[in-house]
Structure formats: structure tokens, C-alpha cells
Amino acid sequence: MSFGFVSRKVLGALATLVFVVCFNFFLFRVVESDPVGNLFRGRNLTEGQRLELQREFGLDGSKLEQFARYLEQTVQLNFGRSYTTSEPVMSLVWERAWPTIALVGVSTVLSAVFGVLIGIVAAWRRRSKADYGWTGFTMATYAMPDFWLGMLLLVTFAVTLGWFPVAGITNAGSDATGIAKLLDQAHHMFLPALTLTLAYLGEYALVMRASLIETMREDYLTLARAKGLRDVVVRNRHAVPNALLPVVTLIAINFGFVLSGAIAVETIYSWPGLGLLTYDALRGPDLPLLQGLFLVFSAAVIFFNLVADLLYAYLDPRVRTE
Amino acid sequence: MKPVKLLAAAALVVLVALGMTAVATAQSDDGEKVVLTVGIPETYDSFNPMVGVEVPDFDVWNMQYATLTDKAADDFATIPGLAESWEASNDGKTYTYTLREGLEWTDGIPLTADDVAYTVNRARDEEWPNYFSTVQNITATAIDDRTVELTSSVSDPKLPIMDVYILPKHIWEKYDAKAIKTYDGVNDVGSGPFVLDETKRGQFWSLKANPGYWDGAPAVDEVIFRVFTNADTMVAALKSGEIDVAHDIPNNSVEDLRNTPGIVVVVGQQGGFDELALNGGDGLKKPHPALLDPDVRLAVAHAIDRQTLVDRVLVGLGTPATTISPSASPAWIPEIPESEQIAFDLDKANQLLDEGGYKDTDGNGIREMPGGGEPLDFTYLVNTESQAAPEVADFMTGWLKEIGIAVTPKSMDENRLYTEIGNGEYDLFQWGWTPYVDPDPMLSYFQCSDIAKEKDGSYNNDANYCDPEYDKLYKQQNVELDPEKRQAMVHEMLTRFYKTGVYNTLWYEGDLQAYRTDAFEGWLRQPAEIGPVIFTNTSPTYANLTPIASTSDGGGGVSTGAIVGIVAAVIAGAALIVYFVRRRRTAGERE
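Residue numbers (the working numbering), protein chains in the order written: chain A, -1 to 320; chain B, 635 to 1225.
Misleading hints may appear alongside valid ones.
Stated by the list, open to error - Non-contacting residues of chain A with respect to chain B, defined by C-beta distances greater than 10 Å in every case (computed):
1. C20
2. V28
3. G59
4. K61
5. Q74
6. M88
7. T139
8. T220
9. A224
10. F301
11. V305
12. R316
Said to hold, decoys possible - Label pairs and their calculated CB-CB ranges:
13. T154(A) <-> V949(B): 37 to 43 Å
14. R53(A) <-> E1088(B): 17 to 23 Å
15. Y312(A) <-> S1020(B): 51 to 57 Å
16. L951(B) <-> L159(A): 28 to 34 Å
Quick caveat, the hints were computed from the structure, so don't treat them as lab data. Glycine included, each C-beta is placed from N, C-alpha and C at the ideal position.
This is chain A alone, in the form it adopts within the complex (with noise of 0.2 Å):
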């Protein structure tokens, strides 16, 4: 890869940036709106303290005086504080990013390694009942509502049959530390991720099942089981590297639609992640949050698009030549 093609990938990934950071301030207004009214409603506020509130929450001013403080602000990676907890934004964002990246990226990396795996079986047995029944079985679950699942499992091993807990990250006011602290943890985050692997599983196998089934075309197969290779081996070796290239981008980009979450799984089991922050934002609104959350989600998914450019020119010359 020569050093004009990726850095021309990079520029690209930050001029979109970029605009993103500018088309955040401008989202969030575009509908009118009294953060000081809405979360200080009938709480008896004078005129006074009304206006001072304005003045700290940076609501005084034209838009344009606005937007130039909050670029300013912005360069200066500072992004300003809740309206409702009056706690730095970025230090919110990363005391409830844990829980999410967690228990979304534990589970992207069991879905795409299973998907990929019952994708590999079901396309190189097509059409035989063990194709058939994971096919069906990763479309059944992916069909499903995530929530929809998530409630059906926490309501069958958490509540009926008490195997996990109903809900939270930890056992409140446990004094675990160490290995029993993150046994627990685990112990908790099992239904959940278990819920989002399920759900997620059909897209990796789907897609692995497709392109298995392209590659398991080509004349360099042929080639390898005349030579007298075992079944195993040209599976292996020769046709699932060349299948796995579109399921390499697909979980680089999905890696990237971590942090965003899974709001309605979280919600269900009381996971306090970035899902639930940001719903709760949306009450004011608490427009500093919501900024500084919504600038992280498109950080992080404009870097695995990056990301997943750069690794498929890696893995595939033929992209890297245009």
C-alpha cells in the first residue's frame, strides 16, 4: 500500500470529521427548545437565576456566537459539561462506555466468530440438513426482536429459574475485588451478551455462507483436491481465507457501531451503558451530552470505516490499485 493511497484514506476519514462536528451543533437545534425551561420547570426560578442558568449552559447569544464557542471549545477537546449533573461530558461518556463497549464488543467478537463459523459448515454442506438447520436457526434469531429475546431469557434463567441476575453490572455493595470482582461482572454480563450474540449471529453467517459459496467455485480448488489434498485442508486453507474478505470489512465496520450500543438489550437488563445516557440526554435537551455523545459514536465508526479501507486494500491488492 503506497503512502499517497493511505493517507489520502486518512484525510478523507478526517475531513468527514469534520463536518460531522459541525453538523452535530446544528442537528440538536434544529428543533426549538428551552433546555432551562424543560428541566427547570415549576422549580420557582427568578428571572435572575433563569438568565445566569442561560449564560452557564452557553444558551445566551446569536446561534452563530454559539456555534463560534462551541468550535472553539471543541478544538480544545473540551466539551463542556451536563446541564443535569453539571459533571464534565467526557468524563460521563467514559465512566458509561466501559459497560457498553464490554458487553457489545464481547459479543460482536462471539457472534462474528460463530456466524463465521456455522457459515463455513452450512455453505460447505449446502443443502444438507445441517445447512439447513443453522440457516434457519441464525435467520429464526436474527429475526427476532433483540429485546424480544433478551426479555424471554432474563424472564426464563434470571427470574423463573434464578441461574443469573435480574439485573445491574455488579452485585450492589458486594466488597468483591480481583478475579471474584470480574467473575461477577461476567456472571452478570451473560444473559445479555448472550442475547446480542444470538441476535446478530445470522449476519455473519449469512454472509460467510454466501461468500464460501462463490469462492467454493473457483478452478484453484479443483486444482488443490487433484493434487490430493483432504477436504479439511482445501476448506481451510484455500477456499475460507478468500470467502472471509467481505466478513472482514463487515465486522471491522460493526466494531465501529459499538459504542452506539444496544439500547434496548441495556435497558432490559439494567446494563448501565452509553444506550441508556443517551436517551436520558434527549430530556432538556441536555444538548452538551448529546453533542459530545453523538461526536463519539461518528468518531468511532468513521475510524473502523477507516479501518476496514485500509485492511481490505491490505488483504486484497486488486483494491489498492485505483
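Let chain A serve as the given structure and place chain B on it in line with the hints.
Then chain B, alone, in the frame of chain A:
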């Protein structure tokens, strides 16, 4: 074949991990501490009394910070708090409070009149929203360590009530006017029965008992508030004993919980009400011309069947209302004799409209303005964030149709609802309020001066109705020191407002809560018999609870089930692996 074996092995590892965690967590439960666990569906915003406004904050403040005077659990009567006694001056504007002996903050520093004066004066100077309406006219002076003098510049009927949270000067003076706005308020220095211990916003927060509390150390060692974003799991956790009490349980779980032995459901009323409001015509935009006619307003008011709404929309979890309730204490609501109430009477409504000349000249079932003008079609704003609002709108549309009035509904969220009401862009809407204990704030909202003054501006008077006589009575009660006279004035202004039919209170409803009877006893409802047990005005329950001696719960059951499952999975996994390994060995022969 290899990937499938990989699959089996991976599944096995996952199941073993599950087993380990199940076993590990089964041996939790430090049996010595008495812990009360509260389930709540929302999280706090800030524990800084200057910043926070959400419901969860207040219970923490009620537990961590004692107040000068307290409120009785049964009727909000003023009782001693940090102050053991007080004396009024001749003109009633100055009160001298004597603090109890030996008061201390949890870090050992003595609590003195200095702390009281500091809190009151600073809150007034910096206009702290939660404190301002109480202290705006008050100057506090510490006479000596145990004596503090509060002087009001105007006659204030609320005194001697001083229920603002007294903060420790030695902690809070470290934050200047700017820094205090961003301080999160999380510290364990307080004077109440409990102080903050650990906080994880969005998950839980815990408080530990204060052994030096002036009213005696609480019997509960620790109180944990847990956030449940899924109300159904919160109810399940209550039933399984994972939590001891739940706040804001969903309507549809009430029946089920009432039938569950060992669980008590509480419909806790604190004066909250919902109203069907008409556009009073004194705001930025006038309503449909018909609504400016007082008889039409009364006709609409007569078309409201409150009992049906409570039975069908609230499934019985509320009471039909007359006037607005300005206070959490029901004493401030006037008794309006039945003969004077605006009853559900469609015939009367039709009669009023007929006599007003609003006839249906074109036979389409909708009346028109006298002389065959504009049809009576009212714009009705429906609050999408309320469960009840769309259902109430359906009922109202039906009843209004029966008196010849058409309804055009417009759905919107609360942000937009607030703006549209302020701008007068409506004829009808339904919304609600929750009052404080003192009626003054709620009453103040309906003054002429509280109507929105500019487009998209702030306001409180969502009746858009101006009545100079109401304003006059408001100003009188605002400075009336004789409690009986004050109550009479309030009753008069509320009755007046009620009779216009502009603001029709539908029901008084409350918070739905439920608690277990097997873990603790001593649950206090505030006010008595009708109020909630937690998240009340002063939350006296927490300090009052005592544990019921119980045997340890069946924690072993969980791990047994999990262990059985794991063993089965291990055996199955092992069998799978053996099978596939055999297949692999024979693969060469098969191909």
C-alpha cells in the same frame, strides 16, 4: 470438522466459566450487616443540594442532612429537628432557635449555629434553586454556638418552618460560588441518620448509618438504592426478595403484587394531580372563540366523568378530584359541597350550549358559533410521554362529541407541549403537577404575572388565565400569619378557580410502591394512611425501620441448580469432543 470441534470446545469453556461465577457469587451475603435494598427506576443527577433536581436526590438529602425543624410523619406538623425549641418575636418576623446539645457532624466536628447561618445566608445570596423560595427574605445570625436568629424582611406565614438542608460549613466553604456549581456533592459528612458511602451513577448508591444521629442510631446499617431500567425485573426482584421495597412499580403489576402474600402495595398520594386545562384566553394567543364564553367552559367541564377516568384509565389507582391540590397535605383542599360541584352531566352541558345559541345548523353533529359561524372544533394537545394522556383524550373526544363539540388531537412530547401551551396554540390539554408541602409555590403559578410573556418564553401559568381577585387573595395568604385565616383564604381562591371550569382537576394520584413484610417493620406513610412510604417529603421511614429476625435465605438453591446444569454440560461437551476426535481420525479413510 475442526471448526465444529472448536465450537464445542468454546461452548464448554463458556459454560465452565458460568459455573465458576455462579459458585463464586453464591457465597456472597455478609450476614452480619442489616441492609435495606430499595429498587428505583431512575438514577440521580447530583447529590449537591444546590444543583440536583431529580426525585432520587431528595431521599439522600433527607437521610444525610438534618433540618432545623422537621415534619411529623402523619400530618407534616412542625416538630423539632436540629433545633429543640424556638421563640417568635412580637412582630412574628424573627425567630430564635435553640439547637440541641452535643450535635456533631459525622466527621466529629461540632454542628453549631454557624453552620445554620452559613447555609441560609449563602443559599439566599447565591439563589440556590432548591432553597430560594424558603430563604429569599431571611437573614440568619448566629448568636452563640447553640442559638441562631432568623429574621424575615416580610411577614412569612411559613416560619418557624425551616426545612432547608443544613450543610457543614467546614466542607462546603471550600467551594466558592463558581466551584460549587460543579461539585458533585458526594461526601460522607452529614448530620442525618445516614450518610453517603458509595455511588455509581446509573447503577446504585449506598448510604451507611450515622451512629451519632441526634435521634438515635438507626437500626438499619446500610441502605442501598438500585437502579432498574426494566420495571418488570424490579417487580421480580421484589418478589424474590432481592430488594425489600420498590418505588414506581408499573400499573399492571399492582394486581399481581396485591395477590402475593408478604407484599404490601402502597398508592402513595403526595398531592399530585392531573388536570384537563382549557385555554383561559389571557395568554399570547386566544383559543377557539367559543371557549371565551364562560358557559361553554362550564359545558366542557360538565362533560368530564372523573370516576370513569379513575376506574378505566388509572385502573382505580387514584381518587376523583375537585380543585387543584396545592400541597402534599390534603388539609389545604377545600371541601366543596356536592351540590356546588361541576358534576358529569351531559344534559346540563347540552342545555348550556343550546341556551348560548351554539346550534348545529348543518346537521353534521357539530355545533357552530351563534349565527352559524365557525364549527366548535377544539385543538387538544396529547402528551406522548404520559401513559394516561392518550386514553383520557379518547374518552374526552367521545364525551365532547355527545355535546356537539369536535376535537382535533395533536400529539407531542413534553418539551413541545410546554412551548405550545406557553404560546397559546391550543384549546385543551391534559397534564399534571406535584406540589410541595407549603401551598404557596403552587398557588403562585396561577397569578396573572406568571403567564408567558413572549413566544417560547418561560412561564408557570399554564391555564393562561388571569383573575385579579385570585391574585389579591394570593398576596394576602402569602403574608397571613394566622394559620386558620390563611387556610380560609386559600380555600376561597381555589374554589373560585375551580368554578370557572378553565382548569379541571381530574384526579389525585400518587406513587405506586410496594414493600415486603418479612424483612423490616416500621414502614411510615407520610401523610398518614394516604402517603407513600419512601420518597416522601422528609422520608422518616428509613430511620424508623427495624429488621425482623429471619433465617438465612435459600442462597444454596441457586448454585445447586447451576452446578447441576454445568455438570450436565461438561458431560455433554466431553461426549461431543470424543465423538469428533474419533471422526477426525477416520476422515482419511472416508475420503
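Quick rundown of the hints versus the structure:
no., hint, result
1, C20, "holds, 24 Å"
2, V28, "holds, 13 Å"
3, G59, "holds, 16 Å"
4, K61, "holds, 14 Å"
5, Q74, "holds, 17 Å"
6, M88, "holds, 14 Å"
7, T139, "holds, 16 Å"
8, T220, "holds, 15 Å"
9, A224, "holds, 14 Å"
10, F301, "holds, 26 Å"
11, V305, "holds, 25 Å"
12, R316, "holds, 27 Å"
13, T154(A) <-> V949(B): 37 to 43 Å, "violated, 28 Å"
14, R53(A) <-> E1088(B): 17 to 23 Å, "holds, 18 Å"
15, Y312(A) <-> S1020(B): 51 to 57 Å, "holds, 54 Å"
16, L951(B) <-> L159(A): 28 to 34 Å, "holds, 32 Å"
This entry does not satisfy hint 13, going by the numbered hints stated previously; all others are met.
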